[in-house]
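Asks: Please build the complex by placing chain X on the supplied structure of chain G, with the hints as guidance.
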Amino acid sequence: MGLDANDVDVSPVEATLWVLAIAVVVALAVPWFLWRDATIVAGLPAWIWWHIVWMGVASLVFYGFSRRAWGLGVEL
Amino acid sequence: MTLAVQLGVLGLYLVASLAIGLIAYRATDSAAEDYYLAGRTLGTGVLLFTTFATLLSAFTFFGGPNVAFSIGPEWLLVMGLMDGILFAVLWYVVGYKQWLVGKKHGYVTMGEMLGDRFGSSRLRGLVAGVGLLWLFPYVMLQQQGAGQAVVGLTDGAIPYWAGAALITVFMILYVTLAGLRGVAWTDTLQGVFMLGVLWVAVAWLATSVGGIGALTDQMVSTNPEFGALGGGAYSVQYILGTAITIAFGVAAFPQVNQRFFMAKRVETLKRSFALWPVLVVLLFVPAFLLGAWASGLGVAVPEGGNVIPAVLNEYTPAWFTALVVAGAMAAMMSSSDSMLLSGSSYFTRDIYRPLLAPDASEEREGRIARIGVAVFATATLVGALLTQGGGLGAIVALGDTAFGGYAQLTLPLLCALYWGGTTRTGMLAGIVVSQAVYLAHVGVLSVLGMEGVTVAGVTLLKASYLTWEYALWCMLLSLVVTVGVSLVTPPAGSENPAKFGVGAD
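From first to last, the protein sequence lines stand for chains G and X.
Note that full-length UniProt numbering has the first sequence beginning at 1, numbered continuously upward.
Note that full-length UniProt numbering has the second sequence beginning at 1, numbered continuously upward.
The set of hints was computed from the structure by calculation and includes no laboratory data.
We treat Cβ as the ideally placed atom computed from N, Cα and C, and that holds for glycine.
Keep in mind that a hint or two might mislead.
Stretch by stretch, here's where chain X covers chain G in the computed footprint (C-beta under 8 Å, at least three residues) [unchecked claim]:
(1) 15 to 27
(2) 37 to 50
Not close to chain X: a few residues of chain G, all C-beta gaps over 10 Å, as computed [as the list claims (entries may be wrong)]:
(3) V8
(4) D9
(5) V10
(6) S11
(7) P12
Extracted from the complex, chain G is given alone in its bound form (with noise of 0.2 Å):
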C-alpha cells in the first residue's frame, strides 16, 4: 500500500528510464529545435512531420510502458 512501487516488478533502475522516457516525449511534443524553421518536406512543413511521427512514438513508449511497468507510483 502507499506510493511505492510494491506491486510493480521493475527494478529501480527500469523505473527510473520510464519516468525519463516518458519526460522526454512531453518535452519533445514540441519541435523546439525547429523552431522559426520552414522546410518543406514531401508536401508538409518538416516540423508538422515531427509531430505525427512524434505522436507514433509516444504511443510505442506508451504501449511499453502499460506492458511493462503499469502501476508504478499508482497502486492502490
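Replies: Below, chain X alone, put in the same frame as chain G:
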C-alpha cells in the same frame, strides 16, 4: 434540390443516432450505476471513442480549423501536446488511480469520491457545484454552435432556433432513454464517422488541387509565416500555457473525469492510454490542415462563418459538405450528451441525494437523473436562444473559459489522490480560493472587457503575469493553498486517507 439533399443527410444521421440509443435502451436497467456508468463494463473500443468523442466539440470542425486558417497550423502541436501526451499522462496518473479507488468503493462522481475520502458532504457539494457552474455555459455554447451550423449549411432556410432545438430534442431522447450505454455507443458511431469524413475531405481537396504538396505551396506563398514553426500569435508561452491549462482542465471536466470510473478491466485503460496519441494525429492533422490549406486557396469565409464548410462548398458536392456538417453536429452532440448525463449525475448524486433525499432508492435516483437531463438541456437551450443578439454575455464568457475553470480542480484532486497529508480544510480552501480568483479574472477580462484593475499602483487581474497566462497562475495558487492550508490544519476525525491508499503523515 440541394437543400433537400442537405436535410436528407442531416436527418438520416440524427435518426441513426437515435436508433442506436434505442438499441442501447434495451440493454440498460434503471439503476443509477448502470445509467451513469453502463455498469462499469465498457471495453477498449467504446471507452476510447466515447472519451475521445467527448473531448471533441465544435472546436474540431469549426474553431480549430478557423484558427489554423487565420494564424497558421501550429495548433496541431498544441493539440498534440495537450490531448495526445499530457492528457494521456493524466489518464494514467489521475484516471487509473480514480478507477482503482472507484472500483473499490463504488464511486460514480468525483465529488462523491472526494466527499467520502474527506468525510465532508460540503466538499462533495462544492465539487459538484463547481462542475455544474462551468458545465452549463459550455453545453449552451455547443447548442449555439449547432444552431449556427444548421443556419450556415442551409443558408438560413432552417432558422437558428430550429437547428438548436432539433439537436437538443434528439439528445434528450437518447440520453434519457439509454443513459451512458446509449451515449457511449452513439459516440463510437460519431467518432468513426468524424474520422472518416475528414480524411475523405482531405483526399477530395488534394485530388482537385493537385496533391498536398500543391496545397502546402499555395498556403506558404500566400502566408509565408504558416510554414515556419512559431511566430505571430504562437509564442512559447502561448503553446505551453494553452496545452497545460486545457489538458488539466480536461481531466476534471465532469464527463471526462467520470469516464475514469467506467472501464471494465485494466486492459481497457492500458490500451486507451497507448492509442491516445495516434488518435489525436488521425483526427486533428486533417481537420487543422484543411483550415490552414484553405488560406492559400482564396476561399471566402462569410462573416461569423466557418472555414471548413466554406472550402468544401467550393471543392466538393453539396451532399458531401452536408455530411461534414453532420460530422460537426456529431462532435457537438457527442460532447453535449455526455455533459448532460454527467451534469445530471453531479446534481442528483452529490446535491439532490445527500442534501435533499438521503433515503432515495437507486430506482428513484435513476428517474430523477432522467428528469435532470431534460431540465438541464432545456435550460441550456433557452440560454443558447437568448445569446442571439448578444444576450447573456457573462454566461458566454464562462463557457469560453470553462477549461481553465476545471483546471483549477485538478491539482487539489492530485493532492487528494497522492498525498495523505491533504486535509479537508486544505481541499475546501484550495478549491474556493482558486475558483474565486479565476472567476475574478474572467469577470474583469471577459465580462467587463477591462485590461486589469489597478490598486495603489499595482495592476491586478491581468490577462498574463510575467508573460504567462492567468489560468496557469491560478492553478499554481490552487496547489499552494491546498498544500499550505493542509500543512497547518489537522485532519478531521471523519477523514480517511486509507480509502485512497495513502497513509496520513
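Asks: Which hint numbers does the structure go against, in order from smallest to largest?
Replies: Structure breaks no hint.
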